[in-house]
Amino acid sequence: MIRIGLVSHSQSIRGAEKMLLNLCILLKETNYIYPVLFIPDINTGNLVKEAKKHKIECNEIPSNMWYIYAKPYEKNSFYQYCQQINEHTKQFRDLFINNNIDLVINNTLTNLVPVLSAVGLGIPVITWVHGILDSYFIDGYDSKYRLLMDRSILKLSEYIVCCSEIVKNYYSRYVKKDSILTIHNWTYDPIIDIKFNRKSNIFVCLNAFEFNKGIDVLIEAAKLLRDREYDFKLELYGDGTEKEKIINKISLYNLKNYIELKGRITDVSIAYKKSLALIQPSYFESFGMTVIEAMAHSRPVIATKSGGPEGIVQDGNTGFLTEIGDAEELAEKMAFLLDNKMLAEQMGQEGRKLYEQKFTRHVAREKFVSIIEDTLTNFKEYTNSKLLVYDLLNFIHDKNYVYKYIEETACAERDEVKEKISQNLNESIIHTNNKRIDISKLKPSRRIYRSKKYIIESNKDAFNTISIIIGTHFQKPNGILRLLIKSVNHKDYVLREAEINLNDVSDNSKVSFVFEEINKVLGHRFILEFVPIYEKNSSKISIYEYRDKGTKVFKNKFVNLKNNLYFELS
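Here the sequence shown stands for residues 1 to 570, where the numbers follow UniProt numbering.
Possibly wrong hints are sitting among the right ones.
Here are the simulated SDA-like pairs of lysine to any residue, each with C-alpha atoms no more than 25 Å apart in a straight line [what the hints assert, rightly or not]:
| hint | residue 1 | residue 2 |
| --- | --- | --- |
| 1 | 367 | 441 |
| 2 | 273 | 257 |
| 3 | 195 | 336 |
| 4 | 443 | 480 |
| 5 | 453 | 534 |
| 6 | 358 | 317 |
| 7 | 273 | 366 |
| 8 | 18 | 363 |
| 9 | 223 | 480 |
| 10 | 441 | 73 |
| 11 | 199 | 226 |
These aren't lab readings, by the way, just hints derived from the structure by calculation.
Required output: the full structure, derived from the provided sequences and hints.
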């Protein structure tokens, strides 16, 4: 019997955790691979309850801070973090030894400890990567450190399993091509009658109520559909931080008779059975579980070209792919399905065929079993190059070395710079007679070389000025900064344009762009593109952002928009 240790990064059941549990179930069905699930804070979440329903053996592991949250430049927190790594690595080793683990599957790029423990014992590791957003949603932390840890874990893994081609392509630059592969997520075959109902006019969306999920664009599309006098319903299943904004937007557009918030749902068949189609309007999706769920239920899918769905939806065959943020195109595809129910049914049937070919549990089990057997057959010991990475990780996180180094060098320097920035920003705000801004809530962006885009939502019905804070990094830039204002729904058309002279800008000071008034835009969303045109040898500027709104909205080819700009409209 092969004993596989599957390490969860969380005790709750969300996307990645759910797939890890599903993998436990698949492996157990082989009757010769025995899964052992390791869960942090085992009694505080629902993962262990679901695992026990399937008679999966579970073990509690120490809860370790994810490295994506680590701050190497803060001496106390990083020292404690390193101390925790040292202690927990020893505990993990004992757990792996006591459970006779032959191979470790490390779930997500978040935690060093299980990998360090496995390598120290000579146990091979397979890392399962579920997306590329984890680090980008964590604002205010050290991106260089995160990337170093990502690459180290990938280097130490015998195989890296990615949930989609877009994730695989992103991480392929860091590893050997024969060590990284795609195994699509899978969903279980519905046990209910999935017959298509041509009388249905219900669209469903099963997304978290978060900014990057594109619910606001879907509401815009629903408004367009209503204005064209279509009879339809839109059911939103989910919850999240954007719920109040969603409710307000539905009320603002008077769409209460068309859109219904249904809350979270555990039995997704209830939603799909009565639906005409699924709408997936996200700005970025690493995979798109709801897409294959809808296909399993023989329902067509309208999804954005947001990454994962592009490798699932066959445009014009199993549904439609639309441009990100394009409410007009989304409304057109929804109207098409309402007008062509027979074709919608055919698309659903084609989606069902594709599900059976690529996204069933049987396909996934065959691929996972194959790489597990290959790893156990061919792995002898860790190579010298991998052991070098292992030794460097241990050296970096040696608590005694870290404390001494940070105490004497890095912290002193960073504290001095941070204090200087704080003083300059506060002085500039007082100098410009504006309200005092808490510096701890802001941070400068990376230096801007070409352009930088943000999404904002207007909190005024009309405005002709946009003010931001610019950082020059204690230097004097030369050139101009141009602002291009576009509507989210018409992003190829520039509504307004303005510019400022960078020669006149002080470090960490407020600047204002003035233009012809834009009116009747309360609640409307705009793209702001800042384009610096530097003179030769000019230093580069940054734009101040909120620390706690670090969402990046990824578009095609990883060109991103952010919604964390500090700005004022007047």
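Consistency of the hints with the structure:
no.: 1; hint: 367 x 441; result: 46 Å, violated
no.: 2; hint: 273 x 257; result: 21 Å, holds
no.: 3; hint: 195 x 336; result: 20 Å, holds
no.: 4; hint: 443 x 480; result: 22 Å, holds
no.: 5; hint: 453 x 534; result: 17 Å, holds
no.: 6; hint: 358 x 317; result: 16 Å, holds
no.: 7; hint: 273 x 366; result: 29 Å, violated
no.: 8; hint: 18 x 363; result: 17 Å, holds
no.: 9; hint: 223 x 480; result: 39 Å, violated
no.: 10; hint: 441 x 73; result: 18 Å, holds
no.: 11; hint: 199 x 226; result: 18 Å, holds
When held up to the earlier numbered hints, the structure conflicts with 1, 7 and 9 and fits the remainder.
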